[in-house]
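Input sequences plus hints: build the corresponding full structure.
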Amino acid sequence: MLLGLSALSFIVIFGIFILAWRRDRSRKVRLRLFLIGGGLVFPLVLLTIATVYGVALGERITGARTSPSLTVEARAERWHWQFTRQTGRGSVTRPNVLHIPAGRTVEVIVTSSDVIHSFWVPRLAGKIDAIPGMRNRILLRADIPGRYNGVCAEFCGTGHTAMNFSVVAHDADGWAAHDKDVLP
Amino acid sequence: MKALRLHAELDAVWRTPRTWKGILTNVNHSDLGLRFMIAATVYFAIGGVLAMLIRAQLATPRSAFVGPEIFNQLFTMHGSLMMFMFAIPFFEGLAMYMLPKLLGSRDLAFPRLSAFGWWCYLFGGFILIVAMVLGLAPDGGWFMYTPLASKTYTPGINADVWLLGITFVEISAVCASIELTVSILKLRAPGMSLGRMPIFAWYILVTALMMVIGFPPLILASTLLEVERAFGWPFFDPTRGGHPLLWQHLFWLFGHPEVYIIFLPAAGVVSTVLPVMVRHPLIGYGWVVGSILALGFFSFGLWVHHMFATGIPHLALAFFSAASALVAVPTVVQIFAWLATMWAGRPQMRLPMLYISGFFFIFLLGGLTGVMLAMVPFNWQVHDTAFVTAHLHYVLIGGFIFPMMAGLYYWLPRLTGRMSHPLLGRLGFWLTFVGFNLTFLVMHLTGLLGMPRRVYTYDAGMGWDWPNLISSLGSFVLTIGFAAALIDIVLAVAFGRRSPRNPWRASTLEWALPTPVPSYNLASLPQVETSDPLDRRHDLAAALAVGDGYLGRVRSGLRETTGVAIASGRLSEIVVLPGNSWLPIVTAAVTGCFFLAMLFGFYWLAPVALIAVIVLAWHWAGSLGSRADLGPIDAGRGERAPAHHEMKEAPGWWGSVFALTADATFFMSLLFGYAFLATVAPGWPPPSLVEPSLLAGGTLVAATLLAWWAERAGFAAMQAGMARRARLGLGIALAAVTVALAALIAFGWLGLPSPRIHAYGAVVWVLVAYGGVHLVIALVMLAFVWRRLLQGYVSPARLLEPRIANLWLRYAVVANLIMLVVVSLPGIASWRW
Ligand code: HEM
Ligand SMILES: [Cu+2]
Ligand SMILES: [Cu+2]
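Chains as they are written, first to last, in the numbering used here: chain A, 1 to 184; chain B, 1001 to 1833.
Note that these hints are calculated values from the structure, not bench results.
Quick caveat, the model's predicted, so the values are computed rather than measured.
Treat the hints loosely; a few may be bogus.
As the list claims (entries may be wrong) - Using 25 Å as the maximum straight-line C-alpha spacing, the simulated SDA-like pairs for lysine to any residue come out as follows:
1) A:180 - A:141
2) B:1151 - B:1687
3) B:1002 - B:1638
4) B:1151 - A:157
5) B:1648 - B:1727
6) A:28 - B:1280
7) A:28 - B:1346
8) A:28 - B:1348
9) B:1151 - A:28
10) A:28 - B:1653
11) B:1151 - A:75
Written out as structure tokens, the structure reads:
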């Protein structure tokens, strides 16, 4: 979608640029066509489409209307992650591996104990910064069970490169087993 | 014969001797402009070497070439040098060099300020480079996010080097911005109305205005962070009422306009060079001017798009996303104006045009990825990945370096009087172009494959190996391309074919100057009747050389140029410019002492340096002016005009107006910071509020208002020529400002909470300090006017200095009253005597 619009604009503008080199063309310039048509109408139409699409998609991703089935806290600390899950029987904290049920929407509350980091699982969602003093929120949903890599996406010092984690999405049976495993 | 004699006379007044003294005291805009460009190119080379080291490290997975500590310094220094030490100074230099020539003037409005800016730039750069050689370079990224850059997480001197070194260089940028704004508005050839200005001047005007407003937020941010690091005032510390995002807001409030500040001058080069290359005047001049004004205005409303992932509510993001998309429109208007011009003309593929074609290709792609990044969901996906690195280099290299190369080759005959080698230049272009795309086109893909930016290494098998290797190879081709272009230019300077005076048959005034450029530019200044003066009069250059224009003479050894009414371009005054001086370099060195004192923690030395700066500024202002009313003097061509000291709105007055604009932006950013912390930061309300002292606050209000009134009365007396009453008024104003200062100190002492415990205390103390600094400035200015009055520099006709002092005093009064209200209100319930 975005790529298509971009390609279209590139072809139009660079096309005119190339055509201007032909020697056997008329040199009449229709001012309105260039400045109003090309300069105003053309970008405004394309940009409106892109922006409306982008905002609608963003609304869907932030999921104002979906209620998550599980909430976990992700706390960044130079240079690892702590994932905490509140359950009826107390809280469980695990470093660097986040377990979630597949096919269900999980809410992650992201925060930091020191500097700014950023929570990013490229194949599952966009990124959200982990900022000390703030509790940011992001929704994850893995439809296919498996292991997904996550990274810290905001520069946080010498250990930034190595501040990886992983998300493990379990199918229904696996999730039940995992639950039994971690809960006392 | 007449031309030679005139040359000898003018040169005697304007010349800089070729000695050490001459080099250190030079204030000539051509020399300083060249120095800026050459130094910026050196920094580009250094930044480029750092980029090569980065690419060498990233060429292969798990490379052991450098570790993370060094790598972090590499990319931080690369980004900082390229943005602050290369891009901005380079176009400043170009603008300084070209503008007076394009506008038909003899120099810029404040020659000593240009020189001061140059020395600040040089000394600030030394701080950065020395730190880098010692391995103490900043390592927090070019945008230095807090809390990573705070004392807790960067305990060493590295971050201070950035904050102080860059701020030092920024002083130079702010000086240049005021200098360029006023020069464009006031120092033009008579008859050149705003609508007849060369389009390049419009671009630089908008850019300079953007710098006036854009840099103060960054200077504020750096000051706050340095104060936090040095004295523990917790502006950015979330455990004590600060907020890390305050830094990001202030930084990007500067940082986004910064991108346009870099792009606009380059676009100005395109708008200048392209019409000449296609042999048709620019189509849609008015549209282009309108679109750059719009661009300048809107670019201040976009900063949040650098913060899409910080957890700001989606609705706000949608707003900034739409705004970011919209700002593309003025750029598209310009692109179509260029296309229309090409369409109407007959394009010729000379070397400058080749670079412009490269610009079209690369910048277009960079702009499109920019619009993609403005879409929030896409941004969340690729923010802080190699995709962003690719995008920003498409914009910066495509949108800045390629047009600047076009400009460099276009103006090479102007700068050096020589043409470059046709083949080597083309080779340089093609290597650069291919190398660039090889490096950065692939980097989009690397980013989409999930590779974050600012990582010093990566594991094999993520699919990132090949793209990285290609990028690294490409970057070496790119470097060879730049080197070829550089060699080409150096060879041209040394052995190039001599060029005719106007090799491209351009129509702007800079091509009317002889080569080598005389110290005074033009032996007499033209009357401009059209927007293409050289096209209409081919004999213009010769006529000006024999003194047929304005000011074709020397009056009592003074450097003179024409000043015009801003809009109409009518001749309004004769501006007398200062000659060579030691003041700029000495003042810059003392300013440097201040920064070094802060850097090494000799805090007692810092105020001493500041006092020395005040003393120097006093001398600086004191060495101008006149003790006699001359009335209108002969300006040539049968016209007469007064000297600028006898004008109400002389360049110096406008300079103060824009300096105060920058100052007010600083103040507003500070108020914004206060409001931001109060509404968003955790840990508010603070443990204890201000307990405003009624007596001290009341005295402050009364004393500042008294000062306002007394200065006004004194000024009226000066206008009426009543020196004694004037001295009385000034004396009362001086006493009142002194009382106000004492009251302010008492107010702070009695009622303000400690600045170390909570960000609230820190912010109110900064506000009070801001008020105090301005009272001190007003005090010094009033004292200066008092002294000038005694010495006979002020008369009913010569009121420039009192008028400037008046501006600063009034600003100080208003700022203090606003400050007092803002500081007192929250704790007004707990007032005390
Ligand atoms: C000479 C060719 C250049 C090459 C090969 C190059 C290469 C790079 C690379 C590889 C990075 C990414 C480092 C990382 O995040 O891992 C980078 C960052 C950057 N570059 Fe360049 N660059 C070049 C020229 C420029 C120019 C001309 C500018 C600006 C006018 C510039 C501004 C920046 C900035 C602002 C960053 C971000 C630094 C940071 O993350 O703090 N670069 N460059
Ligand atoms: Cu991190
Ligand atoms: Cu990180």
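Hints, verified against the model:
With a C-alpha separation of about 22 Å, the suggested pair residue 180 of chain A and residue 141 of chain A falls inside the 25 Å cut-off, and the hint holds. With a C-alpha separation of about 24 Å, the suggested pair residue 1151 of chain B and residue 1687 of chain B falls inside the 25 Å cut-off, and the hint holds. Among the hinted pairs, residue 1002 of chain B with residue 1638 of chain B is consistent with the structure: their alpha-carbon atoms are about 19 Å apart, no more than 25 Å. Distance hint between residue 1151 of chain B and residue 157 of chain A is fulfilled; the C-alpha atoms sit about 13 Å from each other, no more than 25 Å.
Between residue 1648 of chain B and residue 1727 of chain B, the direct Cα distance comes to roughly 21 Å. Compliance with the 25 Å bound is thereby established for this hinted pair. At roughly 12 Å between alpha-carbon atoms, residue 28 of chain A and residue 1280 of chain B fall within 25 Å of each other, so this suggested pair holds. Restraint check: the Cα-Cα separation between residue 28 of chain A and residue 1346 of chain B comes to about 12 Å, which is no more than 25 Å; the hinted pair holds. Distance restraint check for residue 28 of chain A and residue 1348 of chain B: the Cα-Cα separation of roughly 18 Å lies within the 25 Å cut-off, and the hinted pair is therefore satisfied.
Taking the CA atoms of residue 1151 of chain B and residue 28 of chain A, the gap is about 64 Å. The hint is violated against a cut of 25 Å. As the CA atoms of residue 28 of chain A and residue 1653 of chain B are separated by approximately 47 Å, the hinted pair breaks the 25 Å bound. Of the supplied pair hints, the one linking residue 1151 of chain B and residue 75 of chain A holds, its CA atoms being roughly 22 Å apart against a limit of 25 Å.
Hint compliance for this structure: hints 9 and 10 are broken, all remaining hints hold.
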